Structure formats: C-alpha cells, structure tokens
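Q: Residue numbers (our numbering), protein chains in the order written: chain A, 330 to 1333; chain B, 25 to 212.
Bear in mind the hints are in silico, worked out from the structure with no lab data behind them.
None of the values given here were measured: they were computed from a predicted structure.
Just so you know, not all the hints are guaranteed correct.
Computed list of lysine-lysine pairs in DSS-like fashion (alpha-carbon distance at most 30 Å, straight line) [to be verified]:
id, chain 1, residue 1, chain 2, residue 2
1, B, K118, A, K1013
2, B, K68, B, K42
3, B, K200, A, K484
4, B, K118, A, K1132
5, A, K694, A, K757
Facing chain B, according to a computed beta carbon distance under 8 Å, are these residues of chain A, among others [claimed, not checked]:
id, residue
6, Y444
7, I1005
8, A1089
No residue lacks a Cβ here, since even glycine has one placed at the ideal position from N, Cα and C.
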Amino acid sequence: MSTRLTTGGRLLNKSKQVTFSFNGKQFTGFEGDTLASALLANDQMLMGRSFKYHRPRGVVASGAEEPNALVNLGTGGKFEPNQRATTTELYDGLTCTSQNHWPSLEFDVGVINNYAARALPAGFYYKTFMAPAAAWKHVFEPIVRHSAGLGKAPKDRDADRYEHFYAFFDVVVVGGGVAGLMAAKAAGQSGAKVLLMEQTAHWGGRAPVDGGKVDGVKVDDFIDATVAELEAMDNVTLRNRMMGAGVYDHGYILGYERLTDHAPLLDGPRHRLWRIRAKQIVTATGAIERPLSFAGNDIPGVMLASAMRDYVENFGVSAGDRTVVVTNNDDAYRTALALKAAGLDVPVILDARASGGGVLADEAKAAGIRVEVGKGIAKVKGGKRVTGVAICAQAGEGAVLEEIACDAVAMSGGWSPVVHLWSHCGGKLIWDEAQAHFRPDPDRAPTSHDGKPFVSTAGTASGPLKLDDVLVDGLKAGEAAAEAAGFTVTAADEPKGEVHDEAPLQACWLMPQGAGPKLRMKAWLDYQNDVKVSDVKLAAQEGYESVEHTKRYTTLGMATDQGKLSNINGLAVLSDALNQPIPATGTTTFRPPYTPISMGAIAGEARDEVFQPLRRTPIHAWHEANGAFFEPVGHWRRPYCFPRGQESHADAVSREIRQTRDSVGLLDASTLGKIIVKGPDAGKFLDMMYTNMMSTLKPGKCRYGLMCNENGFLIDDGVVARIDEDTFLCHTTTGGAERIHGWMEDWLQCEWWDWQVYTANVTEQYAQIAVVGPNARKVIEKLGGEMDVSKEGLAFMEWKDGKIGDFDARAYRISFSGELSYEIAVPASQGRAFWDALLEAGKEFNIMPYGTEALHVMRAEKGFIMIGDETDGTVIPQDLNMQWAISKKKEDFLGKRAQMRDHMASEDRWKLAGFETEDGSVIPDGAYIVAHGTNANGQRNVQGRVTSTYYSPTLDRGIAMGLIHGGMKRLGDVVEFNKVDGSTVKAKVVDPVFYDKDGEKQNV
Amino acid sequence: MSEAVSALDGATFEGFAKVEETGLRGMITVRGDLASKEMSAAIKAATGAAVPAQRKVTSGDKGAVAWMSPDELLVVVDYASVNETVATMTDGLKGSHALVANVSDARAVFRVSGDSSRDVLAKLAPVDFARDAFGAGDIRRSRIAQVPAAVWGNEDGSFEVICFRSVAQYVFDVLKVSAQPGGDVGFH
C-alpha cells in the first residue's frame, strides 16, 4: 500500500494539517502536499479510469507530465475538469472527483471496453462506423461520447477573475531549476533586465531530490543562496507558479501565472496571463523521464522512478512497501537507494543492460539490493493494484524466469529534454544516440526578424544530465543571452557540481525486445489516450508511415498531456516497425501551450460589462431611461424603437412614423460617420472616392454621394457638405465611419501620396439630431438663436453654422424620410442638453423620438436605398438605377473601369424595383422571386430577391424593394415571392418610390 | 454656449490605484508638415511649446502638444480657450497645407494615479511602462483593452489616458477592473 512515511517530506509543513475530499471521501494531508502526494499518503493509488478502455489508473509521474491522475476539481463556479493531481497544490477544503467512470471509480461498467480491447484497436472509429450514415449520429456517436472522455464540462459561470499583463525584458528564463537559476544570475549580473519564471512553487527543480554538492556545499543551500542573490538584484524579477506557456515570433512569450489556485480564498485574480516581449529567451525547462514499454505498465503502482523518488523525498510518501525497480540507465538506482534509505524494501533491480550500471549500481549492491542485469519485466501482475512482476530476459520474447511479489514498480527508460518551448517557434532537434533522446540543435535555433537566434536552452533542456554539466550550461546560456541582448558579460567562475561516473544508457523501446502480440497489446505508450505498442505497429502495418499520420490515426499524444511521456517511445516503436532510424521518423509538431491554460486566462478582463466595448452617443442615457429597445449597429447600440407601456414594437414603430409624418419626430443620428477632408487636392480626391462629381459642389451646399470599391461594388453612401474651398465634410454610414476613414487614408498614403489632402475622423465630436416632419421648422424656431432656418434662409441641400438657442450648431437641410428635415450637429458635450431642449420645444407638437426601424420604413417608403440592405457587396449603383449619381464627365473614379466589364454592364443583372403584394401582406425577409423550373441541383429557379420589406403605416400595406431580372422594365408584372411555409405570395412590380413621388414634402 | 458636460461627468474609482475622469479638455488635431517653420511658429503661438519629437509630449504656458504620427499632432489646451486656439492655429498655418480640427468633444480623458498606476495600465495596453522606458513627457498611441487610446506620463508620476468619448464608460470600467483591490502585480 502507499502511505505516509515518518521521515522525509522536505516540502511539507507537518504542523499544518489540511482536509480535503476525493469522490466524497474525507482525507487529510499537509500544507505543501500536492493532491497526488496527499492521495498516495491516504493509500488512494487508484485515481482515475482511462479514456477508452476504462482501465484503472494511478498516478505515474510527479509533475506537469502526468497523464493519469486527472480530476474534476472544485464545485460550482470554481469547477474545472482535467486538473492534474500532481500539479494541484493541496489546500484546506479542496474537493475533487475522479473522471471517466460510471457508476463509480471502484466499479466501472465501462471497463467492458477493456475486455473488448481486441475489437477496439487504433482507427476502430474509421473502420467500424462506416455505414449506415445515420447510425453514426444517432447510435454510435452517443455511445462513444458516453463511453470515452475525461472531465465534465463546467456548468456554472466562472466565479474567478483573470487578467493579462504586458511586460518587456531583455532576457526571460523559463524554468527555476539550477540551470535556470544560473542562467538568470549570469544574465542579471550583466545588467540585463531579467525575468525568471518557474511553474511550481519551489526553486531548484529536481536537484534537491537528486542531491549532491555544488562548490562543496549541499545543493539545497546553493539554491537558497542563489535565489537570495537574485532577489537582491533590482533588474531581476522572480516569479514562481508561472509557466512558460508558449514562445512565438519576435520574442513574444506567454507566461501563465497561477495566483490563487493554491489558496482559492485569496482575494485577487486567479490567473494572470503575462504577454511578454523578450530580446532573448532561455528555456531551462529540464527533462522528463520516459516510461518503459512492458505489459501491464499502466497498472496502478507502476510509476516513473524519478516520481517515486520525488514522493519519498519531497512529500514523505511511499508508493509501496516492496518496489521493483526496472531501468535501462543508472538514474533509477537513485530511486532504489532512496527507497532503501527510507526503510522500504527493494526486492530487485532489473537492469535491461547486459553490462549493468556504474558506481550507483555498486552502491545499490553494497546496500544489499539484488541487481539482475540483462533482465526486464515480462508482465506486471495485478488489476487495480500491482501485486507482482514476472521477470524475463530483455533479449528474449518474454519467457517468465521468475515471479516476484511487490506492490509497486519504479521504471526508467532514460530522460528526454523538454524541447517544447524551443520548438514552438521553429527550433530544430538532433537525435542524441548516446542518451537516446532528441535534444535542441544549437545551430538551428528559432530566429527573429534579423535572422539571429532568440531562443536558447540551458541545463538538462539542452541535453546534459549531470549536475556539473547542467550548472555550466546554465551559466553559459545566461551569459550568451545577455550578450545577444546587447549587454557586456564578464565571465564568471564556473560552479563545480558533484558527479558520479555513470554507465551509458542502452535504448530500450520494448520490454522484452522480442515481445509478441499478446504482450504488446498490454504495453502502453500513451496512458491518457489508451494507445499501446500494438496500435502503433498496426498503424505502420496499415501504411501510416508519417509520424503525423500515425499520431492522428492512433491518437498517440493527442490528449491533454500532449504526449509528454509517450511521444518519444511512440515514434521509436514506429521507427522500429518501419525499419528506419529514429531521426528518419522525426517528431510531431510541438505547439503551445506547454500544458493547458485556463479559458479565463485567455479571456483576461473581457467578461461581463467589459466583455466588449459598447459605444454610446451623448444621448444614450436618455434612450436607456426612456425604455428604448436597442439594436446593435457595429459596437453602438441604437434605439430600434421606443415602446410605451405594453405597446408592441410594431405598434411603436407605426406610432413613431405617423407622428413624424404628421407633425415632428426626433432621431439621434450621432453615430453617422463624419470625416473632414481638407487640402488643395481635396476636390480631386473626392472625385475619385465618389461616383458623383464632388469638386463642383459650392461651399454651403450638400450633395448625396455613392462610394464604390475598385471592383465597382457599392461600399458606402452619404451626404457630403462643402465647408470651404479646401474643406469637405463627408458623412458615412454608421458602420462605415472607421472603415471609410481607413479606406481614404489607404489611398492617400499608398497610392496618391503626393496629393495634398488631409483627413480627420470627427464622428464623435458632434451629437447629430434629425428634427423631422412638417413641424420641424417651428420647433427649431421656437428655440430661438440667430440662425435663419426658413425655406429661403436654409434651402434644401444647404448647410449653415450658427446659434440655435444657446447651442453652437451646424444645420443641414437634408432628408432621409421625405419630410421637411434638419440634421443639426452640436458639440457632443452639448448634445444631451440640445436633445432635451428640442423635446421641450416640441411638446406642443407632441414631439417624440423615433428609432432605426421607423427610419428604415420611412426611407423605404421614399424608395431610398440602404447600404447593407439593397447592397451586399455584389451590387453596383447601376443595379439600383442610380446612374444619375454616376458622373459621366469624370475621367476616373474608384470602380469606374470595373463597372464597364461585360458582366457589370450586362442587361441580365438583377435590378431594383418596388413590389406591392396583391393581398397587402408583407413579403418575408430574404424571400426570392421564383421562376419556372429547377436548376441542376433540383432547386427552384429564381429571378430576383427582396432587399427591403416592411409594413408601411403610411400606406397601411406591405411595401418592398428588391432586385429582379429586368428591373424596372418589368413594371406591372405580377411575380411570386416564396414564403417560409413553402407557399408563395403574388406581388406586382411597381415604382420603388411609394410616397410623395415628386418630393414636395421635403422641399417646403 | 450651452453648458458642456463630459462623457462621465467626473466619475472616480479608488482601487489599488486611483482612476478619475478629468472632465473636458480642449483638444485639437493638427495635421501638416511637422518640420516646417510655419508649424513650429503656429504651435509656439498656440501653446508656448515646441513641436514634440516622436512619442513625446511638450508643454508651454498655454498648453501641451503631443506627437501622434509623422504628420499629426494633438494640441491640448483649456476647454474654454479651444476655439480661440483653433483660430490661432488656423491663422498661423494659413499659407501651408494643414488641417486643424477641434476634437475636444470627441474625447474622454482619465487620470490614473498612485504607486501602482503603471501596473494598472500594463494590464490593458501592450506598452512598456517600465520607469526607464516611459516617464513624464512620453506618449504612446496604443490601445486600452479593445479600444484605441493614447497614454502619457505627467510630471507628478500620474498618467493620463485619452480615448473616444463613445467608449468612455468602457475605458473607465476596464481601468476599474484593472485597479481592483487584490490585483496589484507589484511589478513596476
């Protein structure tokens, strides 16, 4: 059984006991425990069920690489699935449940898949569920989804807060082990601004567990002293509980800081995502021990040798009383010695190497441990727990020589550098035959904009595994990074780390090397996704030669752990099956993040009221206070209508229209874009921008204009006012303000850079209010002031500056409704007061505001087009019968040549017309005008479509505009629009101007 | 003139730094040849300041001038005197190709002050706010979370954030979130 030892536990505060629950059971641990160490201390070796076969699984590692011990952590708004028990710091009150089991962890019905494993090999989805097609959706997928999968999806709103943080450094060192500490110190001493981040809560990495001395002092003391030195440097920032999540182009690196995961009651953000720019990045990310592939290597109790040592030294926890150690290198002997020193039994060390180990092996023998060389594990015995191992010759096919009872197995297949961050941005790897691992190739580093490397590695992440090499490599990496960042380095003395002579490792990708199909089917490569040696062999046999294809076919390395333990073993097995050297197979692509980061950290502050910016006009607060029903227009919210009491929206719209047409209404038009275009070439420039002639416009006058892109399609429209000889004010649509300003600047900066034109977007400088209706003039005149707004004083399509009441106003006599209408701009800071004054002055005329829907209906009654309704990016002005707005005199304008193309000039284009249903009903939005017959796809032929369709309260019937083959030539034809219910509605083709065809009302 | 009201009417928030809307400010967009004699004379006449270098703010007895782009400046004066300044600038640049526009009402201004104000801003803008990289007289045209904004450093160590008026509430709200107690980064 696994249990707490009386000794050891350097990271524990044994005076502080904490209580937590797992699957509803109450357990205790100590402050400083991880969830994994605390569960082991309570003999809870079984921590989850596997993804596909629901096999019982226990913890196998002690850090970020853990594939098995994943839990649903927390409850309610603090719930999060797939949390690694090995990196979850224990706190009082922690609640978690194991994953992927039903009905319980101990008794799981899904384990039936395990017995059917022969029928569920790699690629079984693709082979089994081919037909019938409908069965996938209704039968197979629900079963597979219920059976496979890990954590549950959270159901409640996230109760925590998150944030981003931008920071800039000369050198960023990722990893606070001894190499990272050395690198940070070396870079810091040069004066460079340094950040050192460490994903755990502790400095020093594995060194304190592995022991040894540096320059004659214990490595623990060396670490403490170095951290103290770094803390004393003003130019060095130390952050623990912060992971280097990803490295991106140009020295961009993400740091994922976990602030309150270890203490959820602390105030403040839970995670902070550091978005860092660094001149140089040093990855001192250490190495990960590889499992060995033997039958039953996934049975709870089989662990990485280093992890078992970690649990003993760091947490005072033993995985079992009798541990068999199996290895292909010397490092695992340290585990055997540590277990022995802790008073535990190591019945045998199985060393796959025929020649055995070095000095450490001699120490083990001296400690009385039996060592068997050239031997391995044929199979592990046990179900939910290891009960023993069957020993065989590594060179053979697995004939059992002896069975040994034990309750834990410590395995080591060698160490692989953590090359993830190095690889994220294109760093290349080389195969190190002696260590049997891929390590960074310093000659092919990730390069920045200048072609120079910006990432380097330090310590075991570079390849060396011995303490003295690691320290020196860290020091050199720090010095080199500081130099590359432009600092001068004075070479420091190299630290001396204590080392033992080690015998060389011998690659071991399958144990025993001749294991037959039966053993291979139980030899796990990827624990989390249930991929075995047999699956990779099958993939190779079926022709998946590329490692990327094999990965996807077998799902090797595709789980939340991204194959941290399985990748190298998997591709070694694939190489063997393909009969090619490992470097020829290569690795799959390493992509950020290193381990999963929270969605909250990615979102940062963007949630609730600041999820998205909301743009508000100066009158927005009035709209809100007066019951406006809003619609989004870009980031603005514009009132769609102002319903009163129980009034429906449709009724409100009708009321607003009738009031405006009969008396006077107000529209908040502040959102319309307003762009100043100024300079000696402004007229020439606008002649290019608009299809109309703008250069001939007289100061004091307004002209409606159309804008097309270079392909001839309509992109915007609006009224242009000429302010003076050199200055124009261009109105754009609400959604077009920023886009059209950018469009203008694009042409001015990139194409016509020698034209003397400046633009300025002054959209928000003004509150603009349309006063519309037969009584509009009376309302304005009531406000007083010096401005003459009479028919003669301010004629249709003129503008004027002056005082209206107390307000600094610019009034435009323009109309989008067909009524007498003034659009009056005042400085935004006076906007609300102006609105209030108009409401007060208009009381006797029952003045009321109208919303965007009334605006739309009124413009449709007048046959005015709307960008985005009549246009969709494929419509040219000619389609809308707007030849009158296209200058024939101008040599050129944007879109001119495109509009002369055959297809654009074709008579076959759908063109604008009006439509009136015979029964007076409203044609549905988006309806097509059907034609005879069907097309090649069996769909009904069409000859046009509706673009605007409304109920007109003025005419008390449905009115519509649309594009139809033949356009206005079809006047009088009766056509059919399709309806949602499958039927059609008949409508007559009519003139699109439904109201006041002669424009008398706006010109009074 | 009707009484002018700023977007948030002087809203304030006190977290681990202080955030205040400063009220209306006279602001003038000036585009033209920043190296010309006419420009420096017009700027001098309007503010008493010199034309600022790239990413800098200069100040004089009547106002401040911020560099906005290679052909754009922002002149900052009292709200009450903005029309007068526009007239001075327009007059001074009469002979050259230039654009002078009053944008005072198109903006909102916030002051962020306190020891940790740099941390508050560094959560929202991708700008190096380190003391040796950004100080009094520096300006960056950048963004605050999802909207465009400019930030400059004041002599007293506080910062001012300028944004568009329509997003004043959003900018105030994100500054509040950023300055919420418990969120001090302790970095700058």
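Q: When the hints from earlier in the document are held up against this structure, which numbers fail?
A: 2, 5, 6
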